[in-house]
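Trainee: So the protein sequences, as listed, match chains A and B.
Last residue of the first sequence: 528 (this note's numbering), numbering continuous.
Last residue of the second sequence: 942 (this note's numbering), numbering continuous.
Think of the hints as simulated: they come from the structure by calculation, not from any bench.
C-beta: ideal position from N, C-alpha, C; glycine also.
Just so you know, not all the hints are guaranteed correct.
[What the hints assert, rightly or not] Have a look at the derived ranges for each label pair, beta carbon to beta carbon:
id, chain 1, residue 1, chain 2, residue 2, range
1, B, T765, A, G226, 26 to 36 Å
2, A, T508, B, V777, 49 to 59 Å
3, A, Y240, B, A605, 36 to 46 Å
4, B, F835, A, S269, 31 to 41 Å
5, A, G226, B, K688, 15 to 25 Å
6, A, G226, B, Q672, 12 to 22 Å
7, B, E872, A, E292, 41 to 51 Å
8, B, T765, A, A367, 39 to 49 Å
9, A, I295, B, N837, 48 to 58 Å
[As the list claims (entries may be wrong)] Below, in silico cross-link-like pairs of lysine to aspartate or glutamate (EDC-like), each with a Cα-Cα straight-line distance of 16 Å or less:
id, chain 1, residue 1, chain 2, residue 2
10, B, K601, B, E635
11, B, K688, B, E717
12, A, K265, A, E286
13, B, K787, B, D756
14, A, K492, A, E208
15, A, K265, B, D753
16, A, K254, A, E208
17, A, K308, B, D734
18, A, K225, B, E717
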Amino acid sequence: MAKTKSTNPCIGNVIGEARPSMVYVVVSRELIRQKPLEIGEFVAISYPEQVIDSPVLGMVTKLSLQNIEIPESLIRGPESFERLGPLGDLSQGEVLVAQVRIVGYIDNGILILPRFPPVPGAKVRRAPLKILQQVFGHGHIRLGVLRANREVEVRIDVNEMVRRHIALLAITGGGKGNTVAVAITQIIKMGGSVLVIDPHNEYHTLKEKRKKQVVIFSETGDASKGIRPIQFKLDNFGTYDLFDILRIPTNATKQRALLRLALHKVQGSAWGWNELTSAISEVADEENKYREQVIALKERMIEARELKIFDKSREIPLSTISGISLVKPRQLSIISLSGLRLEVQQAIVKRIAQKVYHGGIAWRTEAQTDKIACPTLLVVEEAHNFAPAQTFAASLEILKRIAAEGRKFGVGLCIVSQRPGKVHSDVLSQCNSFVVLRIVNPFDQQQIRQSAEAITEDLIEDLPGLNVGEAVITGSILRAPALVKIDKFVGKLGGDDVDIVGAWSTATESLASGKKSAQDYDSDSDPF
Amino acid sequence: MGELRFVHMADLHLGYRQYNLTERLKDFGKAALHATEKALEYEPDFVLVAGDIFHDSRPYPGAIRQALQIFTKFRDAGIPVYAIRGNHDASYARSERLGGDALHLLEDVGLITYIRDKVVTFEKKGKPKACICGVGYYGRNTEQKLTEVLKQNKALLEEKGVLKILMAHVFIEGMVPQYDISAYILTQENFDYIALGHYHGYFRDDNARLYAPGAIEHTSVSEWDDPDRGVNLVTATPQIKAKSWTVDVQRLTVPTRPKKAFEINLGVIEAHEVEPQAREVVKQHDEPGAILRGVLRGRLRGDTFAFINTSNIGTAATQALLCNITNELETTTLSIKEEATFEEVIEEVLRKQLGIKKTAVKTWKLLVTDMMEILKENQPDTVSKALERLDKFTTPKKKRSKKPKRTHAQEVEQ
Ligand SMILES: Nc1ncnc2c1ncn2[C@@H]1O[C@H](COP(=O)(O)OP(=O)(O)O)[C@@H](O)[C@H]1O
Ligand SMILES: [Mg+2]
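Whenever a hint applies, use it, and build me the whole structure from the sequences.
Mentor: What follows is the structure, encoded as C-alpha cells:
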C-alpha cells in the first residue's frame, strides 16, 4: 500500500451519502486545469484496511463542475463577469464532483463487489495500472484499450462470447464491422470457427491476407477468385419457405394450394425446380383445374430459378474433412448475401442456422454424421432483418432456438445491428454480453436498457456521446463493464465509408481528361 | 473438332442369382448384353462402367463368361471401356492382398481399362480429348480419396478444351438418407459430366451434371417403381467460346423381366379364409414370366397365432416365374369388447398372451402399471415399489428352501 501512495497521489475524497455501489467524490481542485477525470475512467477507493485490504475499483460515470463563488442570480451576461473581476481569482470556488460506480476489488483473481460503502472522506486515487490489467487484460483476444486509460489492454473471454452469445450494437458507421473484424480474425487464429452472415459484402477483403483461412460463399461463386457458390438443396425447404421464396401472397390461396399439392407429389425422390414444375402441371391436369395458377406459379419461379441457389442435389456441406464446408477449425466462412432479395436472404440464413444448430446437437451427442467439426460462432449482421421483432422472417425461429439453446451445443451467436429496437427480444435478451457503440435513437437505447441488465442507466446516457470505435462493453466477456476504445482493424474492410465528394471529383477529372471512364473507378473494392 | 459420344453404364451385377433362381442370373447377363447391343448402334467413342460389373467380388466362371461376352463386343468394335471398382465387385484391401480382382482380369485380357483412383485420357485422331477421373468405392472416405486424386492430377485436369469426366461409385445427398458424399463437393472441380454408380435408380441433375443410369436389372423391390432400366448415351459438344461443353443425355432403355407388386386386401378375416381369398387375388395378377410380390393386408379375427402359409398362396400364380407373398395382416390380440377397462386389458394380455397363472396375475398387473408409470415420468417412489415387487418374483426359491423338503442339489451342498 505504502508504495502506491508515494507514486500515486490522492486526487479526491468520498463525500456525501456513500452507498455500496455508488459514491460521490469531490476531486482535488488542481486537477481541473491539469488532468481532470474523464467519464469511464477508473479510480481506486481506499477502504479501511481491516475491511478490504486492496483498493476498490470504481468507474467515473458522471462529472459535474460548479463554482460556488459565482452567484448565478447575479450573472446577466459578460459584463457581469467584468464586474466580478475585482473579487480576485474566482477559480478558487470551483468544485468538481464525480459520480463513481463501484466496480469491485480483486481477491484471488476474482472481482468481488464490496457489500458496504467506503467511509465518507475515504481517499480516492487514479486506478493503478496493475489492477486494471488484472481486471481487463485476462481474456483470450484483444478488442482495444480502456478509453480513459489507454495503457490498459482490454481482452475478452472468447469462451463466454461463444457460450453465452454477444450483441454488437451501434448506429451505422459506429464501428460494428470494425469490431467484428478485430474479433473474428483473432478467433480464427486461435483455431476457432466463425461463420459470418454478410448482407453487404463488407467482409470479403478479409480474404486478401488470409487466403487459406477465409472461405467466401456468394450467389454465383467465382472459381477464379476461389469464391464458392451458395447452394442449398431445394427439398430442404418447407412449404412455407417456398411460399416465401416465391413470394406467393397469403391471399393467393389457389396458388398456395396448387404448390402444396405439387410438393406432395414430388416428395419421396430427389427433386428440383424441374421436377416441381412438372408436378405443378401434372397436379393441374389431374385435378382438371388451376390453369391460371400454373402460369402464375411458373412465372414466380423464373426469378428464383435464375438464382441457382436452390439446387436439386447440391448443398454446401456443414463440415467435411478435406472438402469445402461451412464449419471448420481455423476457418472463417463468409456468406455474402448482397444483391439478394430479403426473403431469399432469410431463407438462406434459416438453412445455415438450421444446419449449424442440428450439427451442434450431433456434435454434442457424438453422432456419426452431419455434425459440426468444432464449436462455432455465427455472426449475424443486420440481425434486425433475420430476427425481427415485429415482422415475419423465415430465419427468426431458428435464431431464437440458437439464442436459447445454442450454448448447449457449441453454437454461439453474435448479433450485429444498428436497430436493436427492431431485433426480437427473445434473441437479444439471450445475449449475455454487449458491445454497444454509438447509439442515438432513444427507442434503441430503451431496447438496450431492457435487454442488457449489465448496462446501467448512466452508461446508456453516454451512448450518444461515444465517438466512432468507442464502446461500452458489459457482460461475462469482461470482468467488469468498461468504456473501451476498440482497435482500428489493421487491413482493408469492405464496409469502410465511401468518400463521396472525393469520388465525384475523381470522376469529374477523369471525364475531363477523357482517358479514363468513370466506370473504371468502380473496380475498387467498395460496394458502392 | 467434332463432338464426343459415350455410353455410361453402371451396376450390371453380373452373377446375381436373385431369389436363388438361375433365370435371374441369366436375366442380369441378358439385360447387360441388350444394353451393349443397343449402345453399339450409336457407335460411341468410349464406354464408362461406374462400378459393380459383378455382383460378387469372387464371381463364378458363369458371370465372368457373361462379362467376357459383353466387353468383347465393345473391343471388337474398337470402343474402349473404362471401369472403376464398385462395392460389390472388388474390395480394395482384398484385391491388394490376393493379387488382383476380377476387373484386373478383364483388364489383363485387354477388354477394359481399369481406372484405379487416377485420371486417364481418351485420345483418338480427329476427336477431342477427354480425361476421365475415376475413383473406386470408398464409401464415406470417397471425399478424401477424390481430393487426393484431384491434387495429384491437377495439370491434366486443367488442360483446356478437354472434356472432363468424373466417375465414382458413391451415394450423394438425396439418394439415400445416409449418403457418402455431398454433391457440392463432387461438382467443385467443374467436371462436364459426373458418371455415378452405386445408386440403383435413375438419377439426373442436368444443372449439376450429375448422372446415374441405375442398375441394369432390378436388384430389389424398392427399385420397382421405375420399371425402366438402361444406360445413358451422352453427346458432348465443345462450346469453344464459352470454354465449356454442352452435354446431351439420352436414356437407352432395355427390356427386363416384368415385375409387379400388389396388395391383397382382405378386410377383417378369419385365419382359415385367408388362403383361398388371397389365392383368388393372386390369380388375377398372374402374368407369364413375371416376378410378383403380394402383400396381405387386413385384420385377423379370432385365433392370434394362426399360421398363414404364404407359400401356398404364392403357388396360385402358375404362369409367373415367382410369386412372393408377405404377411402384413394385423392381428387382433384381444377379443374385442366394448368399454373394457385398462386393467381388464392388461389382465387379459397377461393371462392369454403370456400364459400367467390366475393367482399371479395380480402381482404382475401391479408391476406392469408401475413400469408404465416409470416410463411415463421418473418417480423414485414407484421405482422402489416396483423393485420390491420384482424382488417378490425371485423370492419363491428362498421360501421353498425354508421348507423341510430338500432338493437333491441342497443335499449335495451340505
Ligand atoms: N475502432 C475504430 N477506430 C478507428 N476507426 C474506426 C473504428 N471503428 C470504426 N472505424 C471507422 O468508422 C467507419 C465505420 O465503421 P464500420 O465498422 O463500418 O461501422 P458500422 O459497421 O457500424 O457501420 C469506418 O471507416 C471505420 O474505419
Ligand atoms: Mg457495418
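Trainee: Could you run down the list of hints and mark each one as holding or not?
Mentor: Tested hints:
no.	hint	verdict
1	B/T765 / A/G226: 26 to 36 Å	holds (29 Å)
2	A/T508 / B/V777: 49 to 59 Å	holds (55 Å)
3	A/Y240 / B/A605: 36 to 46 Å	violated (55 Å)
4	B/F835 / A/S269: 31 to 41 Å	holds (38 Å)
5	A/G226 / B/K688: 15 to 25 Å	holds (20 Å)
6	A/G226 / B/Q672: 12 to 22 Å	holds (20 Å)
7	B/E872 / A/E292: 41 to 51 Å	violated (59 Å)
8	B/T765 / A/A367: 39 to 49 Å	holds (45 Å)
9	A/I295 / B/N837: 48 to 58 Å	holds (57 Å)
10	B/K601 / B/E635	holds (15 Å)
11	B/K688 / B/E717	holds (14 Å)
12	A/K265 / A/E286	holds (12 Å)
13	B/K787 / B/D756	holds (11 Å)
14	A/K492 / A/E208	holds (9 Å)
15	A/K265 / B/D753	holds (14 Å)
16	A/K254 / A/E208	violated (50 Å)
17	A/K308 / B/D734	holds (12 Å)
18	A/K225 / B/E717	holds (14 Å)
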